[in-house]
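Chains as they are written, first to last, in our numbering: chain A, 124 to 552; chain B, 2 to 183.
Hints listed in this document are in silico derivations from the structure and should not be mistaken for laboratory results.
C-beta: ideal position from N, C-alpha, C; glycine also.
Some clues are possibly wrong.
As the list claims (entries may be wrong) - Per label pair, the in silico range of CB-to-CB distance:
hint	chain 1	residue 1	chain 2	residue 2	range
1	A	490	B	69	53 to 59 Å
2	A	475	B	88	21 to 27 Å
3	B	162	A	262	52 to 58 Å
4	B	165	A	486	46 to 52 Å
5	B	164	A	246	51 to 57 Å
6	B	182	A	259	54 to 60 Å
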Amino acid sequence: MIKFRSLLISLVLLMPFASHAALTVEIVGGAAQQIPIAIVPFAQPANQPSLGQQDSIATIVGADLRRSGLFRVLETRAAANQPHQLDEVKYQEWAALQAQALTIGNIESLPGNRLKVSFQLLDVLKQSSLGGLEYNITPAQLRNTAHRIADFIYQKLTGEMGVFATRIAYVTKTGTRYSLQVADADGYNPQTVVASGEPIISPTWSPDGTKLAYVSFEKKKPVIFVQSLVSGQRYVLANFKGNNSAPSWSPDGKRLAIVLTHSSNSQIFTINADGTGLQPLTHTSAIDTEPVWSPDAKWIYFTSDRGGSPQIYRISSAGGDAQRITFEGVYNVSPRISPDGKSLAYIRQEQGKFRVTIQDLASGQVQILSDSAKDESPSFAPNGRLIIYATSINGKGALAAVSADGRVKQRLSETGGDVREPAWSPAAN
Amino acid sequence: MNKRILVSLLLAISLAACSSKPIKDTAPAVEDKSPSTSQTAPDTSKNDSASTSGMTDTQPAINPLKDPNNILSKRSIYFDYDKDEVKPEYRALVEAHAKYLAAHPDAKVFLQGNTDERGTREYNLSLGQRRAVAVKKVLNVLGVADKQIETVSFGEEKAKTNCSDDACWKDDRRVDIAYENE
């Protein structure tokens with residue numbers, strides 16, 4: 124049903140991004156071993172004055188890499204030469220600055236107000252190229268291109284997928300106004316997906332990154348909507364008697380696990396992405412909620428208090444008996460499975476403190492990752508390295524991220540009101 | 002055990018009603034109670050003396066649901082921490098609403114569960130629902146059918162923020178009774 128259509132969303136999403144951040148990311152820890160990298164400012168065409176109003180590509184790439192906690196970005200002005208071509212590079216000079224890697228690049232004007240962006244990543248010690256790419260873009264795509272360059276560098280030097288060109292969905296509350304937003308992973312370029320005078324919770328990305336499912340209270344009860352980020356159009360996925368909440372997409376994007384109550388306690392169902400084909404999955408008189416699919420689609424992990432306290436269980440996505448997964452503690456909720464399917468992140472409450480916890484599914488080993496007290500809604504980055512979550516800083520809702528090994532921590536603060544319910548997008552195409 | 006069978010039976014019935022319908026039918030199915038809107042108000046005054054007999058209301062012209070002197074204007078049931086038991090002190094209140102619903106078969110109530118802000122949003126949504134269901138069960142025992150009741154939850158979404166003690170949190174652990182179209 125397209126009866127409820129958000130205003131101007133497609134327009135907003137298609138607008139060239141303004142170069143401002145809603146969320147400011149601050150690093151509060153780093154890896155023990157950081158890769159020293161120098162990024163020479165890219166050569167720019169003189170006839171593109173608008174480029175001067177934006178952050179330079181080198182600045183954005185450097186900020187991305189620094190924020191990951193895995194890189195030390197070196198000051199390049201100390202070098203006598205500022206190379207832009209391979210034959211201009213004097214490797215000894217960069218070795219003297221202790222750079223292990225060096226990035227050089229160019230921006231050139233093309234006809235029709237387009238730009239050609241090219242770069243090379245160089246191994247300073249081996250004095251050889253690790254590769255490079257070339258992009259034909261509009262000026263509005265410069266920030267995204269910088270994030271893709273950072274992804275390339277990150278992947279080449281760490282062996283892991285970069286996630287700088289991904290996005291984050293979150294909900295802000297300013298006064299009595301709720302807004303579901305989508306921003307770049309560095310907090311820039313925030314877009315309003317839907318705004319309401321009633322709460323919005325539990326946004327979750329479709330596996331192809333083109334849609335969000337979320338729970339809105341605008342009908343004075345929780346109802347699940349699915350909204351296209353391309354067209355802005357949305358439809359009601361589930362509005363049954365009672366509550367409709369906790370949507371989670373199957374890995375193929377064809378079905379969702381949802382929670383319905385009808386006239387009883389929360390129970391888990393699955394439903395086609397078009398709202399047809401509802402089927403019950405759990406059959407208890409207890410609370411069964413917060414379903415999430417494993418990446419191989421075989422399991423649905425969920426929270427249940429069937430054993431007396433809320434713990435995490437899993438059930439075959441085809442139904443059957445549930446198996447308990449968490450055993451330590453008296454309050455383990457909000458399960459999320461890492462993209463490789465090997466780790467389970469969740470929220471544990473101990474002595475009144477709610478903290479992000481990670482559990483190795485094979486060994487059962489548990490590590491508490493955060494040191495705050497009001498953590499909620501963990502969400503894995505698509506490379507599994509970082510977990511973004513909601514927390515409270517100085518009595519205000521804020522976002523934070525922690526690496527899956529607990530070493531790197533980031534705080535994402537919003538200038539306006541509360542920010543909560545983060546959800547990291549799938550990998551960029 | 003009987004309860005479980007009853008619940009699954011109810012689920013099966015409601016599923017049978019829902020599962021065959023495409024999504025377009027969903028919203029109207031929920032919203033089509035609007036005809037009762039127009040009936041509620043006249044109904045109220047017409048049946049007022051019947052529905053409120055034995056209660057403190059002495060002025061039949063006043064909507065008993067809005068009359069501050071009528072127990073029906075009291076709408077909140079408070080719960081102990083981590084509990085969903087309806088305490089005896091709310092018995093009279095729930096009984097009054099059960100009588101009103103029996104006398105007004107077209108009336109429908111929303112039982113809106115709430116929790117304090119501690120804990121995670123979706124789990125608190127389920128905890129608020131459990132409290133709403135607890136009140137519903139008392140109404141069921143008093144003879145009110147499920148078709149006159151919808152249990153919903155706001156979880157912690159309407160809770161006060163930045164509480165630091167139970168004097169503050171206890172106000173949020175409640176079920177509110179709201180009549181349709183109020």
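State the violated hints by number, sorted upward, taking the hints as numbered earlier in the document. The structure breaks hints 3, 4; every other hint is satisfied.
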